[in-house]
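J.: These are the residues of each chain, in order.
Protein chains: 6
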Amino acid sequence: VWQKETGVREPKVHEWIRSLSPGADHVEWQNVDVTLLGVPLSRSSISASAASETPHAMRQAWKGFVPYNLDYDVDLTPLNVVDLGDVKQHVTDIAWSHKAITDAMYAMRTHHPNTFPLALGGDHSITAMLVKGWKKAHPDERIGILQLDTHFDLRSLKDNGPSNGTPIRNLIESGTIKGEDVWNIGLHGFFNAKSLKEYADRAGIRYVTMRRARQRGLDAVIQEALLDLKRRVDTVYVTVDMDVLDIAYGPGAPATTPGGMQTDELFTAVTAAGRDPHVKAMDIVCLDPHKDVAQATVKAGVHTMLSFLTGFYLRQHD
Amino acid sequence: VWQKETGVREPKVHEWIRSLSPGADHVEWQNVDVTLLGVPLSRSSISASAASETPHAMRQAWKGFVPYNLDYDVDLTPLNVVDLGDVKQHVTDIAWSHKAITDAMYAMRTHHPNTFPLALGGDHSITAMLVKGWKKAHPDERIGILQLDTHFDLRSLKDNGPSNGTPIRNLIESGTIKGEDVWNIGLHGFFNAKSLKEYADRAGIRYVTMRRARQRGLDAVIQEALLDLKRRVDTVYVTVDMDVLDIAYGPGAPATTPGGMQTDELFTAVTAAGRDPHVKAMDIVCLDPHKDVAQATVKAGVHTMLSFLTGFYLRQHD
Amino acid sequence: VWQKETGVREPKVHEWIRSLSPGADHVEWQNVDVTLLGVPLSRSSISASAASETPHAMRQAWKGFVPYNLDYDVDLTPLNVVDLGDVKQHVTDIAWSHKAITDAMYAMRTHHPNTFPLALGGDHSITAMLVKGWKKAHPDERIGILQLDTHFDLRSLKDNGPSNGTPIRNLIESGTIKGEDVWNIGLHGFFNAKSLKEYADRAGIRYVTMRRARQRGLDAVIQEALLDLKRRVDTVYVTVDMDVLDIAYGPGAPATTPGGMQTDELFTAVTAAGRDPHVKAMDIVCLDPHKDVAQATVKAGVHTMLSFLTGFYLRQHD
Amino acid sequence: VWQKETGVREPKVHEWIRSLSPGADHVEWQNVDVTLLGVPLSRSSISASAASETPHAMRQAWKGFVPYNLDYDVDLTPLNVVDLGDVKQHVTDIAWSHKAITDAMYAMRTHHPNTFPLALGGDHSITAMLVKGWKKAHPDERIGILQLDTHFDLRSLKDNGPSNGTPIRNLIESGTIKGEDVWNIGLHGFFNAKSLKEYADRAGIRYVTMRRARQRGLDAVIQEALLDLKRRVDTVYVTVDMDVLDIAYGPGAPATTPGGMQTDELFTAVTAAGRDPHVKAMDIVCLDPHKDVAQATVKAGVHTMLSFLTGFYLRQHD
Amino acid sequence: VWQKETGVREPKVHEWIRSLSPGADHVEWQNVDVTLLGVPLSRSSISASAASETPHAMRQAWKGFVPYNLDYDVDLTPLNVVDLGDVKQHVTDIAWSHKAITDAMYAMRTHHPNTFPLALGGDHSITAMLVKGWKKAHPDERIGILQLDTHFDLRSLKDNGPSNGTPIRNLIESGTIKGEDVWNIGLHGFFNAKSLKEYADRAGIRYVTMRRARQRGLDAVIQEALLDLKRRVDTVYVTVDMDVLDIAYGPGAPATTPGGMQTDELFTAVTAAGRDPHVKAMDIVCLDPHKDVAQATVKAGVHTMLSFLTGFYLRQHD
Amino acid sequence: VWQKETGVREPKVHEWIRSLSPGADHVEWQNVDVTLLGVPLSRSSISASAASETPHAMRQAWKGFVPYNLDYDVDLTPLNVVDLGDVKQHVTDIAWSHKAITDAMYAMRTHHPNTFPLALGGDHSITAMLVKGWKKAHPDERIGILQLDTHFDLRSLKDNGPSNGTPIRNLIESGTIKGEDVWNIGLHGFFNAKSLKEYADRAGIRYVTMRRARQRGLDAVIQEALLDLKRRVDTVYVTVDMDVLDIAYGPGAPATTPGGMQTDELFTAVTAAGRDPHVKAMDIVCLDPHKDVAQATVKAGVHTMLSFLTGFYLRQHD
Ligand SMILES: [Ca+2]
Ligand SMILES: [Ca+2]
Ligand SMILES: [Ca+2]
Ligand SMILES: [Ca+2]
Ligand SMILES: [Ca+2]
Ligand SMILES: [Ca+2]
Ligand SMILES: [Ca+2]
Ligand SMILES: [Ca+2]
Ligand SMILES: [Ca+2]
Ligand SMILES: [Ca+2]
Ligand SMILES: [Ca+2]
Ligand SMILES: [Ca+2]
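Protein chains in written order, with our numbering: chain W, 13 to 330; chain H, 13 to 330; chain Z, 13 to 330; chain Y, 13 to 330; chain A, 13 to 330; chain U, 13 to 330.
Treat the hints with caution; some may be incorrect.
[What the hints assert, rightly or not] As a list, the in silico EDC-like pairs of lysine to aspartate or glutamate whose alpha-carbon atoms are at most 20 Å apart:
(1) Y:LYS75 - Y:ASP87
(2) A:LYS75 - U:GLU40
(3) Z:LYS206 - U:GLU65
(4) Z:LYS170 - A:ASP87
(5) A:LYS206 - Y:ASP85
(6) U:LYS206 - H:ASP83
(7) U:LYS209 - H:ASP87
(8) H:LYS206 - Z:ASP87
(9) A:LYS100 - Z:ASP171
(10) Y:LYS170 - H:ASP105
(11) U:LYS170 - H:ASP83
(12) H:LYS209 - Z:GLU65
(13) W:LYS206 - A:GLU22
(14) Z:LYS206 - U:ASP330
(15) U:LYS303 - W:GLU27
(16) H:LYS209 - Z:ASP83
(17) A:LYS303 - Z:GLU65
(18) H:LYS209 - Z:GLU22
(19) A:LYS206 - Y:ASP83
(20) Z:LYS206 - U:ASP85
(21) H:LYS206 - Z:ASP330
(22) Y:LYS206 - W:ASP87
(23) Y:LYS206 - W:GLU27
(24) W:LYS206 - A:ASP87
(25) Z:LYS75 - Y:ASP87
(26) U:LYS111 - W:GLU65
(27) H:LYS206 - Z:ASP85
(28) A:LYS100 - Z:ASP83
(29) Y:LYS209 - W:ASP105
(30) U:LYS170 - W:ASP105
[Unchecked claim] FRET-style restraints, in silico, Cβ to Cβ:
(31) U:PRO151 - A:LYS75: 34 to 44 Å
(32) W:GLU27 - H:LYS111: 41 to 51 Å
(33) H:ARG214 - Z:GLN328: 41 to 51 Å
(34) W:ASP87 - Y:ARG228: 19 to 29 Å
These are calculated hints, taken from the structure and not from any lab test. Cβ atoms here follow ideal geometry from the backbone N, Cα and C, with glycine treated the same way.
Looking at chain W on its own, in the form it has when it is part of the complex:
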């Protein structure tokens, strides 16, 4: 008589992704393909944001998805994906929280280097922390960034510290990455001060505006970026700022604007990125579920994650 989740033969996404207790020692880590980690930090955002609610919101929303991608005829269930829950955060000490994020990535790379880390933000400040954690674990690696974003994220850290407007500059100025190893795709419109574009040029950052990316096709642009990066770097880190979406498609990203990317373009882009073995980590950031309309952006966030995993599956099986 009682309706309870029962073991179904064919799982929904939340039945396929395993939720692990932190201290669970029975995990056969060598078999884990991908680990998800929530990073519920958004008090480091310039404008008020509830991006901290995104890990929870995405976990709720993916109950409505199945791990089979009809567009590519790809069944994701052979992938072993575990969800480690959220990195612990502090209410009033942002520096403490940032360090915990770096530590989490460092711990992942040190203890479980064979699994692909996929972080669910949180705001964009976490990307600097995650990449630093990677660098700390792999000090000799050269790291490249493939960024989908409306913004450069090159604001000065002197003004307001490591906020969500600064991660790329943070990584460059800390010597974690080189400017020339950053590709930003999807920037557009009137949302980046000219001085930031000049900083980008000086630093050698590569970028393709939305208009140009659409003319050439997102898939082709991603290919070019990866080809270029692979010539120089060991690891490509993919970071998706959901505000790269057009406001019609991503109303729930705090800084979303007209003239942005469509969701099908975004899904194509991350699927392409997922296929490339040089891509070794990823995050999805700056999605505020409280601002969402009809749950469109949260669903787009989940779809982005699953599209990337489709590519990830294909890199192993194509």
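Given chain W's structure and the hints, the job is docking chains H, Z, Y, A and U with the ligands onto it.
T.: Just chains H, Z, Y, A and U with the ligands, lined up with the frame of chain W:
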């Protein structure tokens, strides 16, 4: 580094209420004071309703409540409350679903007669099914109903079967209860056809309109109703239709109207009802979380449940 | 097989109120108790308003009401109520529209003087036009105003013509009424310039703030106002500005504020007004359905109309 | 003075479509080109849905459309379209409602076989019932389905009966149609379990994912599907599940997702379908007006109907 | 300690655009490139509209934009843009307001003929008034109109005066422009009566539907229109009715529909128009901020203005 | 022709309150009665909050209020009120922001001790900082707190630092105030852990639950609290957490609940507090404009400020 629910000394409501697996045989049922059962049925509603989402929405919402009532200085944690999950429902066979609800109450009363059943609807059609389940388990008991509602729920079953407009008539016409053993408090306005009022009069139903109840005080009216019922019945079943609330307080009840009850009046009423040992079962119905504004009605639903449990605690400890 | 409105024995409000074609000559006007007229004008509002949508919105909403008032045990169906539709309005010539409103009331009073006119605005500018129409038809009558409003509506017509901030001043300065024959009940807070209050004092307008009205009870205050007016005037015109409601109860009135009237107080007030035979016309204004939340204000508007009609019924049958 | 609908020379959609009383015997049925029938059933939906409100919502919304298509320079008014109102539905007996839908189509085909039936759902469960009604009237015809949908609708009926997840399977398993005579266009993403895709393959169902359909153009894909179907079937039934739309374009379809169809693609598709004389019936389903944003989806539903009728006009006049 | 706007080196849009007091005599008008004028009139709209709020809403929203266009690598700050505030409007005398708008444009052209006037509506009725003001100042000029709109705006003025459905007809019938000098791009769907299309044909108006414009590319269509107009006219006036946008992109335009323009298409179109020296004035109309969702349409309005100014900059510097 | 703010005789609130530049040396500080300071900090909130937007939102909203209180016939314009703008805040260093808040209050008290400071939060963490600033300026004063709140705000600072759940404990544990000098009025329901109530009892904090406060009348309870505090303390600091409001009245306070205070009760309470000369500072906190419905809570916040100032005026003139 990982943020996971850890054993906290002082629980939130969701840490205090235990969630039981259906077949769990380790429950010491003799120690269980209250069992919660979700009844996610609303396809039996006259108008489109997502009241089926209420059990889930309330479980999510009570994570924001603590089991301590400051108004009455009552700590609920000594109460042993278990949540059995949802009664299984069918998508296209409403009669099947209705039978499952009756069966669930019957099973509860047969196997665990010492625990107080508290059902979370679902629409008001479930009340008829739950009371029938009680009657089946206790055929010799005379059952009275204390109903808080904007409506009589006395529509004819001939028109459209056991919909949410019919539960009281259903119970009377099936011989489960007598009309004179029904007290309806909080009716008001232009939402009951005159013929239903005439039916109520013929059936001997007692009712106090919102206007009169407010003039005399909800607490006093509830006392009078219970006093009257106790003279005749063995068991009082309390049913709270959330549309008894004024639309300013309960925008998320599908048929909510202006001129209704305020939440503080409702909480006073159910606390009073909870204190009376003749009250032996309860339900909360007709709350549609999809229609809610600022989560006001879902929170009011949880508050109603906890206020009733405050009274329930006091009946044992005063 | 086809579901169409069929003749039901017990009508909903829209089945009880008859909708008349304009030129219908078969109406037995001597039997008509009340005529409804929509006045879909709100381009005369100081702030942007869709109050012009209210007649349509109320007609849709009252399909959810029955013509039986449970609080007073009053069946409204013996009242003969007809809905004449909307007064024709012009898109860009507000003076033309205002004249049409005056003409409509004049025509009603001239041709069908035995029926009670109840206008559904539109914004408050229409009250001046309707009362002028009455005065034109009954030039010897002394007319008093019973106004439920957050505002005095005494702004100067020199600034911006006969807008919704001016009807009472318009009536006084045009000699249609005397200031001493105005009672305003429910004003409150920081929403009337001091100079308007001084104008009110100079003009002899009587007013009772919300705070004081609540202390004494709306019913008693209405009685006092009517008693006072009846000593002097032949006709009392009742005008209900829905922004008299507290913003929690009337979010859909453009200028609604905190600290206002509750709906049960408003219903009590208009029921009391309806009982008095000196009350000979009424309007309900300044409700913007596009701004409404959960349809609370539109429902409150319908409830206000039906509560007044309850009183109207009782004036004939008590 | 009174503003009432007057006979205008150039009609709006609601003035062009005639609303017929059920028993009207004066209809010259031989001249009727298209009949609309509302099917207000959504209690058969897996998730809570108010798709039952769609017939009413579309009738209200099309008052804002004119029957002239500027994109194709097509005046629809020569088409004789009548609206028969809604098929009667039962509140608690879904099987009864389903039978009434089959009966309605059967009656249409038997009594008025020269008119094109266009049904406005309701949820997708109605498609199975409507096609069965057709089959009953034309037992010798071979029927093909052209489905625009995010989903296969191939769930097992054993689990939960003929819900909105099952219509295509229902038709195949009941022998009403053959799997090979189904074309589904617009499926995408992570919303169909792999087992359903495998069922589709086994049954010989043809499908084109959204990604592929966009690459080739919706018009071309529709042509190919029709060409293929026409080789085998007598009648093509077009069913449009509004959740085929991207969530940015169709927020008011309960299961709408990112990555879906754009409205201009949908309008192109149904215009193409309307042109083909093999297309002999159509429905539009799974649109929940209560979930809509800015009325975008309801307007898209009306536009879909009128675009189809544009094609229907052109099939006769090209 | 106090946070106040301080002189920043790199301005936001609101720091770049200068806000001038009306009587400021220190303006070096010969250096002013562009003047903005708000026209807060929407009581002349057929349907209730708060387009009067748009000038204020856009001024608030552009605080979130910077005057650097990344897509074109154009820094707008060399342009000298001043905001003159709003044209004074009357609450109840629409003719007075319309005259004030004509006077404002006439005054601009007479006193400051070297500056480009860019008006922020208000509803579309203002376009007729602005163009008449231009004509009055330049009686010998032949003026062409480049209109982006879902509608022809050719309704008869006899019905309801110079409402927002009439500006193009108003200009033609008043002899201000010739029909053949009007290009309307982006019309679509079922939103223009056939008689208006016939009027357009008789008057020689040129138009390209949305479907055809998309097939050929907005940029190419704009070029063709300008090329054609330049052969005949002295001045091209650009008017952007925001309801040309698809409802998914422009939910905040009162008459917005499915099947319309995407924002990137609109930005491309106005950038192209801005480049042409024959374009000498512009307005943006029919945007209702109260109806907006996620501020998408207001942001699109600002982006439209800035995209046009990008083209305007390029006409001087390419 | 241009509509610009002109010098009006009778001011709105924003014309009465003067906005001062930080370094303005021409202020005659001895004549300033009240200074407003915005404190846009909410990244110290336990849950995501945009309370940082409140100072801006309130400044926008009070343009709709006039400085005349009709309920009390009090003209506020004789009061000299200046708005100093916002205390500077840091994006990622909360401790820095907290110190700036303390410094701001210290500077106010040191340089302009004759003016009454009224702070507009921000979240409740700022109260601890403001009171510490006062204490630093007046080390010998004994300070009492009159708190209107749903919560005790007594959480341990060890867990997460000086968040919005801790200000009262912060002040007690830092020795700034004594527990016995705190009166909390309006607490209710299930929103305070029992351990916090026990801490309150141990610390000697006085509190009156909402239920009891309503029974006795807010005015009387405030009087009693002030009478008690005045016996011991030199200065009473009033802090209003907007979540003390019932969720029907204050949907825009992040932690608002059913069963809370009504706005008229709140306005009565703060008017009473304003009258008492021992009350020397005030703040309004925890209002999130992004969560608001129909602007009800922001308007209530402004009304709270003006009601307090009404009392403040009366303390000088009664
Ligand atoms: Ca960004
Ligand atoms: Ca970013
Ligand atoms: Ca009920
Ligand atoms: Ca009810
Ligand atoms: Ca008024
Ligand atoms: Ca008013
Ligand atoms: Ca579907
Ligand atoms: Ca389907
Ligand atoms: Ca237009
Ligand atoms: Ca238009
Ligand atoms: Ca607090
Ligand atoms: Ca609080």
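J.: Now tell me if each hint is right for this structure.
T.: Hint by hint, here is what the structure shows:
1. Y:LYS75 - Y:ASP87: Holds - the C-alpha atoms of ASP87 (chain Y) and LYS75 (chain Y) are around 16 Å apart, at most 20 Å.
2. A:LYS75 - U:GLU40: Not OK: LYS75 (chain A) and GLU40 (chain U) at ~33 Å, beyond 20 Å, violated.
3. Z:LYS206 - U:GLU65: Distance of about 31 Å is beyond 20 Å: violated.
4. Z:LYS170 - A:ASP87: 47 Å, violated
5. A:LYS206 - Y:ASP85: The hint holds at about 9 Å.
6. U:LYS206 - H:ASP83: 12 Å, holds
7. U:LYS209 - H:ASP87: Holds, at about 11 Å.
8. H:LYS206 - Z:ASP87: Cα-Cα ~7 Å, so holds.
9. A:LYS100 - Z:ASP171: 12 Å, holds
10. Y:LYS170 - H:ASP105: Holds, at about 12 Å.
11. U:LYS170 - H:ASP83: The given pair, whose Cα atoms are some 28 Å apart, is violated under the 20 Å limit.
12. H:LYS209 - Z:GLU65: 34 Å, violated
13. W:LYS206 - A:GLU22: 8 Å, holds
14. Z:LYS206 - U:ASP330: Distance of about 19 Å is within 20 Å: holds.
15. U:LYS303 - W:GLU27: Roughly 33 Å separates the two Cα atoms, so the pair is violated.
16. H:LYS209 - Z:ASP83: 11 Å, holds
17. A:LYS303 - Z:GLU65: Satisfied, since the Cα-Cα distance of roughly 15 Å is no more than 20 Å.
18. H:LYS209 - Z:GLU22: 12 Å, holds
19. A:LYS206 - Y:ASP83: Given that 20 Å is the threshold and the Cα spacing comes to 12 Å, the pair holds.
20. Z:LYS206 - U:ASP85: Measuring from Cα to Cα gives roughly 9 Å; hence the hint holds.
21. H:LYS206 - Z:ASP330: Holds, at about 19 Å.
22. Y:LYS206 - W:ASP87: 7 Å, holds
23. Y:LYS206 - W:GLU27: Judged against 20 Å, a Cα distance of about 15 Å means the pair holds.
24. W:LYS206 - A:ASP87: 7 Å, holds
25. Z:LYS75 - Y:ASP87: Distance ~35 Å between LYS75 (chain Z) and ASP87 (chain Y) Cα, so the pair is violated.
26. U:LYS111 - W:GLU65: 28 Å, violated
27. H:LYS206 - Z:ASP85: Given that 20 Å is the threshold and the Cα spacing comes to 9 Å, the pair holds.
28. A:LYS100 - Z:ASP83: Distance ~51 Å between LYS100 (chain A) and ASP83 (chain Z) Cα, so the pair is violated.
29. Y:LYS209 - W:ASP105: Measuring from Cα to Cα gives roughly 50 Å; hence the hint is violated.
30. U:LYS170 - W:ASP105: Since the Cα atoms of LYS170 (chain U) and ASP105 (chain W) sit roughly 12 Å apart, the hinted pair holds (cutoff 20 Å).
31. U:PRO151 - A:LYS75: 34 to 44 Å: 42 Å, holds
32. W:GLU27 - H:LYS111: 41 to 51 Å: 29 Å, violated
33. H:ARG214 - Z:GLN328: 41 to 51 Å: Taking Cβ atoms as reference, ARG214 (chain H) and GLN328 (chain Z) lie about 28 Å apart, which means the hint is violated.
34. W:ASP87 - Y:ARG228: 19 to 29 Å: Holds - the Cβ-Cβ distance for ASP87 (chain W) and ARG228 (chain Y), about 25 Å, lies within 19 to 29 Å.
In this structure, the hints that do not hold are numbers 2, 3, 4, 11, 12, 15, 25, 26, 28, 29, 32, 33, in rising order.
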